[in-house]
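All chains, please: the whole structure from these sequences, using the hints.
Listed below are the residues making up each chain.
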Amino acid sequence: MRAGRWREAGAGYLFLAPALLIIGAFHVWPAVYVLYMSLFRWEIVQGAFIGLRNYEHLLSDPDFLSSLGLTLVYVVGTVPVEMAIGLALAIVLHQRLRLRGLFRLLYFLPYVTSQVAVALVWGWVFNPSYGAANGLLTALGQPARTWLLESGGVLSPGAPPSLALTAIMLVTIWYYLGFHTVVFLSGLTAIPEELVDAARIDGAGGWRMFRHVTFPLLSPTTYFLLLVATIGAMTSFNLVYVMSGGGQAFGCGGNPLGTTRVAALFVFDRFWCQTQLGYASAAAFALGLVVLAISLINGRLFSRRVVYAG
Amino acid sequence: MRAPVLVVLIALLLSSCAPASGPATTQPSAASQTIAATAAPEPAVTISLWDGQSGVLGDRLRELITKFNSTHKIQVTETFQGTYDQLYQKVVSAIQANTVPDLAQVSGPPQTAAYWKANVLTPVQQFVDSPDGFTAEQLKDFVPALLDENTFSVTGKKTLVSWPFSKSVALLYYNPDILQKAGVSVPKTWDEVRSALKTVKAKTDATPFAWTPDVYYFFLPYLWSQGGDVLSSDYSKATFNTPEGVAALQYQADLVLTDKTAQVTSGFDWQNPFAQGKVAFAVSTSVSRPFIEQAMPKDQTFKVGMAPLPAGPKGPSTDLFGNNLVIFNKVAADHQRAAWIFMKWLTDVDQTVAWSLASGYMPLRVSAQNAPAFKAEADKDPRLLVALAALKDAHGIPGAADWQKIQPVMGDMVTSVVTGKATAKDAIGTAEKKVNDILAGY
Chain A
1 MRAGRWREAG AGYLFLAPAL LIIGAFHVWP AVYVLYMSLF RWEIVQGAFI
51 GLRNYEHLLS DPDFLSSLGL TLVYVVGTVP VEMAIGLALA IVLHQRLRLR
101 GLFRLLYFLP YVTSQVAVAL VWGWVFNPSY GAANGLLTAL GQPARTWLLE
151 SGGVLSPGAP PSLALTAIML VTIWYYLGFH TVVFLSGLTA IPEELVDAAR
201 IDGAGGWRMF RHVTFPLLSP TTYFLLLVAT IGAMTSFNLV YVMSGGGQAF
251 GCGGNPLGTT RVAALFVFDR FWCQTQLGYA SAAAFALGLV VLAISLINGR
301 LFSRRVVYAG
Chain B
1 MRAPVLVVLI ALLLSSCAPA SGPATTQPSA ASQTIAATAA PEPAVTISLW
51 DGQSGVLGDR LRELITKFNS THKIQVTETF QGTYDQLYQK VVSAIQANTV
101 PDLAQVSGPP QTAAYWKANV LTPVQQFVDS PDGFTAEQLK DFVPALLDEN
151 TFSVTGKKTL VSWPFSKSVA LLYYNPDILQ KAGVSVPKTW DEVRSALKTV
201 KAKTDATPFA WTPDVYYFFL PYLWSQGGDV LSSDYSKATF NTPEGVAALQ
251 YQADLVLTDK TAQVTSGFDW QNPFAQGKVA FAVSTSVSRP FIEQAMPKDQ
301 TFKVGMAPLP AGPKGPSTDL FGNNLVIFNK VAADHQRAAW IFMKWLTDVD
351 QTVAWSLASG YMPLRVSAQN APAFKAEADK DPRLLVALAA LKDAHGIPGA
401 ADWQKIQPVM GDMVTSVVTG KATAKDAIGT AEKKVNDILA GY
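Top line first, the protein sequences correspond to chains A and B.
Counting from 1, position 68 in the first sequence corresponds to residue 68 in the working numbering; the numbering is continuous, with no gaps.
Counting from 1, position 327 in the second sequence corresponds to residue 327 in the working numbering; the numbering is continuous, with no gaps.
Honestly, I wouldn't trust all of these hints.
Okay, the calculated beta carbon distance ranges per label pair [to be verified]:
hint, chain 1, residue 1, chain 2, residue 2, range
1, B, N98, A, L296, 37 to 45 Å
2, A, G299, B, S233, 24 to 32 Å
3, A, A190, B, M296, 25 to 33 Å
4, B, S93, A, L155, 38 to 46 Å
I should point out that these hints are in silico values taken from the structure, not numbers from a laboratory.
Positions of the beta carbon are idealized from the N, C-alpha and C atoms, including for glycine.
So this is what it looks like as structure tokens:
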């Protein structure tokens with residue numbers, strides 16, 4: 001009996017091994033090493049052990065604090081919008097529409113395109129000299145804008161988000177919309193027909209059906225998307241980096257005037273462009289802790305409201 | 001509550017693994033490196049070069065390497081690593097992984113200074129002084145400004161740490177057809193530039209000037225031409241918060257915001273409209289010409305005009321750009337020597353002339369400037385001499401290891417002024433504080 005148990009457990013671990021190996025090598029080990037690096041003065045080469053001084057410095061670094069603020073703006077400006085529009089589209093595409101498959105494909109298409117390619121193309125759309133965005137504004141009789149070079153705020157001149165970050169947020173929403181739509185669609189498909197029928201017999205329809213039946217039963221999907229999208233947006237890099245110039249000009253990502261330098265770009269800038277490897281590692285680890293904290297808060301706030309059907 | 005305790009415990013544990021004396025701060029002394037007393041036979045080794053030479057320039061560099069490989073026992077393998085910044089990032093990664101190439105390009109003195117501070121280089125001086133090197137007389141053939149740019153103070157002694165390879169200077173580019181249409185001649189002073197741009201705006205449809213604001217084009221040359229400088233000579237503090245510095249910033253704000261004669265672009269976005277004949281003036285390094293000519297529509301070509309950057313009260317000034325070469329000290333001694341032999345060959349008269357004519361970079365030797373092949377080309381196209389003539393007014397980018405951190409601060413300073421987000425005085429004050437903080441330590 002005991003030998004059989006061991007064999008069974010061994011087989012289980014064997015099945016787990018490939019995933020453990022990959023996660024261990026590419027996630028756990030780098031995270032541990034980043035923590036190690038963050039405790040040193042480490043520029044191009046490893047320097048003296050300085051304990052938590054890098055973390056202390058982060059707390060008083062206006063650039064880091066501003067990058068966290070920008071990340072928050074980016075998350076709040078993208079995640080709820082993606083989810084709301086994604087849900088609306090999913091409900092529409094859940095109906096028996098003509099060409100439904102084609103619409104589903106069209107909305108999902110951006111998500112399967114390379115983020116760098118998408119960012120480069122949108123970079124051209126927002127190009128101040130030849131971009132389609134200015135072409136449209138000019139056709140409508142509006143003054144041209146400098147878009148990705150514009151550091152002025154869209155809500156108030158000195159406050160984030162800048163026009164540059166807003167443009168990037170719009171592209172982010174456009175990119176992830178299809179993903180949210182498809183996941184919500186699968187959530188809608190999973191709602192048991194008999195519950196919908198019962199509600200309908202009881203006289204529910206339209207808004208009441210959505211409010212009291214569909215939305216509550218979609219809550220596992222909504223919770224999953226909220227968690228995944230928030231973590232994704234907190235650590236967003238590709239779209240922001242490439243649309244901010246991708247280090248093509250002198251200097252690093254996060255132009256203009258650092259108004260698109262979200263936390264992941266701050267880490268990149270300090271690590272690669274300023275070669276403050278230890279300090280950037282501290283910023284990366286701190287960002288990881290912030291993401292973890294926000295995920296826990298999300299869990300506390302929303303997991304109790306999740307309703308599972310059946 | 002347990003998390004902070006855990007972090008502290010891990011920190012304490014790691015402290016016992018840390019190197020006892022922090023970073024290695026001692027630089028390799030000449031005595032510690034063994035060099036043969038007489039020139040030994042060339043080692044038959046294969047060495048690796050990492051570079052940032054893209055497009056047409058990369059092709060020309062590979063041609064040179066093929067020529068070297070066919071005539072030497074040493075074989076060079078070349079790897080293009082992207083832009084200079086990407087090349088730097090890859091070298092920094094390779095240093096962590098202990099997989100550095102034998103030699104690499106560096107974009108200028110700041111990167112050399114950063115590598116030197118990290119103690120990863122073998123100073124070129126020891127090869128220059130070796131039987132494989134040069135006599136003092138031979139060394140005089142090199143343009144002094146170029147050797148100066150590669151020279152650092154090592155324990156109080158001037159030492160060649162890197163070796164010049166592809167050198168260029170910032171120049172004013174212009175479209176002669178637009179200038180003729182506007183009736184303006186090539187401006188020679190900053191004031192003349194400003195009024196030329198106004199005339200172009202008034203008399204033509206062209207964009208008078210397009211450029212991507214940063215510290216190099218305009219701010220530094222303008223500052224230098226007024227007698228100012230950006231950092232103290234020992235790189236310990238910022239020295240640009242002066243009336244000259246404010247004037248250098250205000251000049252750019254005047255072009256963009258007051259005169260509306262300058263268009264702000266991003267990266268190299270100015271290059272295509274200039275090549276298409278839509279822009280009258282631009283500013284870039286002397287090697288931009290092949291790129292501009294390549295981007296020109298075939299049915300709408302023009303002769304690209306090149307002129308020195310304008311002069312201020314203290315005369316003209318320009319930035320010394322381009323790249324140098326460094327040898328890494330972690331590679332075997334025979335590889336280091338082979339790397340030097342290759343570097344030296346690259347700067348022989350034949351090669352420096354060929355590379356200059358192929359790339360637009362300047363010949364590095366005085367004798368190369370008089371070589372028949374170069375003179376013949378210069379007679380045909382005097383634009384080859386514009387950069388050479390400007391060399392006497394060239395300033396190197398500050399060889400401060402912290403310049404990589406300072407550069408974006410200065411870039412933001414310029415951008416905030418030309419976009420009207422701050423006055424020149426406020427922006428320069430903010431930048432001065434940030435730069436001094438960087439130089440002070442963190």
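Fill in: Which numbered hints fail
2, 3
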